[in-house]
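Student: Residues per chain are reported as follows:
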Amino acid sequence: MGNADDQDEANGRPWFNVEHRGRTLCLTAGGSWIVRHAAMLDAQLRAIDTEHAADVEIDGSNIDRLDSTGGWLLIRTKMAFEAAGTRVRAFAVPDLYAPLLASIEHEHVTPPVKIQEHDTLAAFLERVGWATHNVLIQAVGIVGYLGHVTLEGLEALISPRGNLRVTAIVHQIEEVGINALPIVGLLMFLIGIVLAYQGADQLKRFDLEILTINALGVGTLREIGVLFTAIIVAGRSGSAFTAQIGTMKVNEELDAMQTIGLNVVDVLILPRIIALVIALPFLTFYADVMALIGGAVMCYFDLGITIPEFVRQLHTAVTVNTFLVGLIKAPVFAYVIAMVGCYEGMNVERNAASVGKLTTRSVVEAVFLVIVLDAGFSVLFSVLGI
Amino acid sequence: MGETSEEPVIRLRGVVNRIGGRSIHDHIDLDVRRGEILAIVGGSGAGKSVLLRSIVGLMRPTEGSVEVFGRDVMHMSDAELRAVQMRWGVLFQEGALFSSQTVAENIQVPLREYTTMSQSLMNEVAAMKLSMVGLPEDTAQKRPSELSGGMRKRAGLARALALEPELVFLDEPTAGLDPISANLFDELVRGLQKSLNLTVFMVTHDLDTLKATADRVAVLVNQRLKVGTIERLRDDDDPWIKEYFSGPRGRGALGA
Numbered sequence: 001m002g003n004a005d006d007q008d009e010a011n012g013r014p015w016f017n018v019e020h021r022g023r024t025l026c027l028t029a030g031g032s033w034i035v036r037h038a039a040m041l042d043a044q045l046r047a048i049d050t051e052h053a054a055d056v057e058i059d060g061s062n063i064d065r066l067d068s069t070g071g072w073l074l075i076r077t078k079m080a081f082e083a084a085g086t087r088v089r090a091f092a093v094p095d096l097y098a099p100l101l102a103s104i105e106h107e108h109v110t111p112p113v114k115i116q117e118h119d120t121l122a123a124f125l126e127r128v129g130w131a132t133h134n135v136l137i138q139a140v141g142i143v144g145y146l147g148h149v150t151l152e153g154l155e156a157l158i159s160p161r162g163n164l165r166v167t168a169i170v171h172q173i174e175e176v177g178i179n180a181l182p183i184v185g186l187l188m189f190l191i192g193i194v195l196a197y198q199g200a201d202q203l204k205r206f207d208l209e210i211l212t213i214n215a216l217g218v219g220t221l222r223e224i225g226v227l228f229t230a231i232i233v234a235g236r237s238g239s240a241f242t243a244q245i246g247t248m249k250v251n252e253e254l255d256a257m258q259t260i261g262l263n264v265v266d267v268l269i270l271p272r273i274i275a276l277v278i279a280l281p282f283l284t285f286y287a288d289v290m291a292l293i294g295g296a297v298m299c300y301f302d303l304g305i306t307i308p309e310f311v312r313q314l315h316t317a318v319t320v321n322t323f324l325v326g327l328i329k330a331p332v333f334a335y336v337i338a339m340v341g342c343y344e345g346m347n348v349e350r351n352a353a354s355v356g357k358l359t360t361r362s363v364v365e366a367v368f369l370v371i372v373l374d375a376g377f378s379v380l381f382s383v384l385g386i
Numbered sequence: 001m002g003e004t005s006e007e008p009v010i011r012l013r014g015v016v017n018r019i020g021g022r023s024i025h026d027h028i029d030l031d032v033r034r035g036e037i038l039a040i041v042g043g044s045g046a047g048k049s050v051l052l053r054s055i056v057g058l059m060r061p062t063e064g065s066v067e068v069f070g071r072d073v074m075h076m077s078d079a080e081l082r083a084v085q086m087r088w089g090v091l092f093q094e095g096a097l098f099s100s101q102t103v104a105e106n107i108q109v110p111l112r113e114y115t116t117m118s119q120s121l122m123n124e125v126a127a128m129k130l131s132m133v134g135l136p137e138d139t140a141q142k143r144p145s146e147l148s149g150g151m152r153k154r155a156g157l158a159r160a161l162a163l164e165p166e167l168v169f170l171d172e173p174t175a176g177l178d179p180i181s182a183n184l185f186d187e188l189v190r191g192l193q194k195s196l197n198l199t200v201f202m203v204t205h206d207l208d209t210l211k212a213t214a215d216r217v218a219v220l221v222n223q224r225l226k227v228g229t230i231e232r233l234r235d236d237d238d239p240w241i242k243e244y245f246s247g248p249r250g251r252g253a254l255g256a
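First to last, the sequence lines map onto chains A and B. Residue 244 in the working numbering sits at position 244 of the first sequence; the count goes up by one each step and never skips. Residue 196 in the working numbering sits at position 196 of the second sequence; the count goes up by one each step and never skips.
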């Protein structure tokens with residue numbers, strides 16, 4: 001068994017022999033019974049036939065290294081013999097390791113842990129059931145929270161409590177509105193270019209390329225401008241709301257606020273909602289302008305339409321109503337995004353994983369709701385004939 | 001390889017740490033002997049955890065050498081470092097359990113990574129480690145967020161012990177525990193140290209823990225270490241050390 005020069009080999013491979021002496025089974029073990037070799041020993045030990053012996057002697061006195069995993073393997077084997085009704089007549093290990101084995105045997109009396117199965121059909125059905133249940137709970141929770149915050153908000157607006165926090169609102173407007181200008185502007189400019197290019201490409205075939213401007217103007221002002229801005233803001237600010245409030249919850253800051261007598265809805269939630277409801281229409285207006293500029297640039301280079309021509313054609317294509325129909329959606333989207341962001345933030349549990357999970361969920365829910373609402377608006381407008 | 005029992009498990013020579021221009025450690029030397037429990041004490045912000053982090057390789061000291069098991073951990077390949085890492089276990093302050101996994105799965109992470117054990121053996125080992133650190137069996141299926149602070153630390157210790165390390169690092173093992181849990185944790189560390197023949201490197205604030213577990217104490221004061229037994233350090237004339245051992249808490253814990 002190895003040589004003494006090399007530590008790894010000297011304490012090298014563990015071994016054991018099983019020998020039948022009459023009705024007695026002798027198990028002799030040696031080498032190093034350590035965690036590194038446990039996998040091999042485990043399989044071999046399980047293969048021992050525990051049934052056909054009257055009694056057994058376990059001799060581990062040749063073991064030169066033993067750790068708790070190796071010790072457990074010895075003890076488990078002993079327990080397996082006992083469970084099979086075999087008398088264990090002797091159980092010897094070097095004196096050095098006796099206390100370790102005693103403590104394992106003493107403390108470890110209960111059967112091993114059951115690890116839950118994840119891959120059975122029943123488990124799958126259970127997961128589906130739980131997920132459905134959770135979605136329903138979630139929907140009820142959001143509606144309830146919507147009502148709660150709306151009430152508190154109205155109260156704060158009309159009552160003379162004076163607890164509308166103007167500083168916080170202004171700060172949040174800077175965060176969600178002004179700081180979003182570069183990204184929204186750049187993206188909408190590019191989208192304007194893309195729309196104009198695609199429109200021009202198709203309409204050129206009918207010599208109607210001038211109508212590119214109609215398509216771009218109406219599409220951007222009614223739908224694209226507000227929808228894209230809302231989606232960008234949901235990803236940018238909705239997630240930030242969840243993460244900020246969630247982290248504060250993890251740090252017990254929300255609890256601290258309550259004990260000081262601060263109303264969390266007044267201090268954290270309302271400023272964010274009001275700020276976003278104010279900022280998103282402005283952002284949408286800005287996004288519309290940037291998209292039209294992008295479109296105008298593309299029209300100039302692709303179709304040779306000069307800027308004055310573009311403006312004239314745009315004039316005939318869109319009215320103020322076209323623009324307002326798009327803009328009116330902005331506060332509604334803003335309200336939903338902020339509400340979902342704050343609601344999921346309040347749902348964070350006191351662990352780090354929860355913040356990440358709920359931040360993702362908040363963005364997905366906000367984008368989902370924005371698109372659903374946009375579809376709802378389309379139906380509404382078509383019924384109203386706008 | 002050839003380690004003798006005389007050789008220290010951890011050997012620091014001239015370790016200097018500067019963070020953001022501020023000097024934390026000024027040429028620290030330290031030997032941790034095999035089989036002892038060495039406790040590092042020092043004021044808040046004195047750099048105890050930084051010292052621990054520089055030994056386990058989470059941080060690179062500005063100067064100096066760090067040897068663990070006689071091997072320079074600052075200059076070794078990833079594979080060599082992994083071989084050394086398998087021989088030590090680290091318990092972080094809050095347990096640092098992976099929050100997406102159950103306690104049993106947490107304990108099995110190192111086993112799954114470094115051994116070829118079957119799932120059933122890993123379950124048995126997880127259960128054994130849990131009972132060794134004094135946690136009830138039903139903890140195995142719980143998630144870290146469902147555990148109390150003390151249980152999280154015990155579970156973290158079970159994970160640190162999964163690969164049967166020779167050396168265990170404990171970062172503030174009793175901070176935030178109630179006195180009874182803290183006492184039990186001290187006994188646990190002492191007991192495991194004896195039965196598994198561990199070397200323990202412990203960062204602590206807790207005078208009771210010091211008294212109950214530590215063989216030697218290293219005081220981190222003025223960016224230097226003073227090492228000795230509690231009895232010897234009590235006679236030291238450094239004002240911080242004097243205040244630490246002879247203040248009201250010190251006298252209470254150590255019996256004046």
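Each hint should be verified, as a subset may be incorrect.
Some chain B residues close to chain A (C-beta under 8 Å, calculated; not the full set) [as the list claims (entries may be wrong)]:
no.: 1; residue: 16
no.: 2; residue: 50
no.: 3; residue: 77
no.: 4; residue: 93
no.: 5; residue: 100
no.: 6; residue: 181
no.: 7; residue: 193
no.: 8; residue: 194
Just so you know, these hints were derived from the structure itself, not from any lab. All figures in this text were calculated on a predicted structure; none of them were measured in a lab. Quick reminder that beta carbons are idealized off the backbone N, C-alpha and C, glycines included.
Student: Each of the hints needs a verdict: does it hold here or not?
Tutor: Consistency of the hints with the structure:
| no. | hint | result |
| --- | --- | --- |
| 1 | 16 | violated, 33 Å |
| 2 | 50 | violated, 22 Å |
| 3 | 77 | violated, 18 Å |
| 4 | 93 | violated, 14 Å |
| 5 | 100 | holds, 6 Å |
| 6 | 181 | violated, 18 Å |
| 7 | 193 | violated, 12 Å |
| 8 | 194 | holds, 7 Å |
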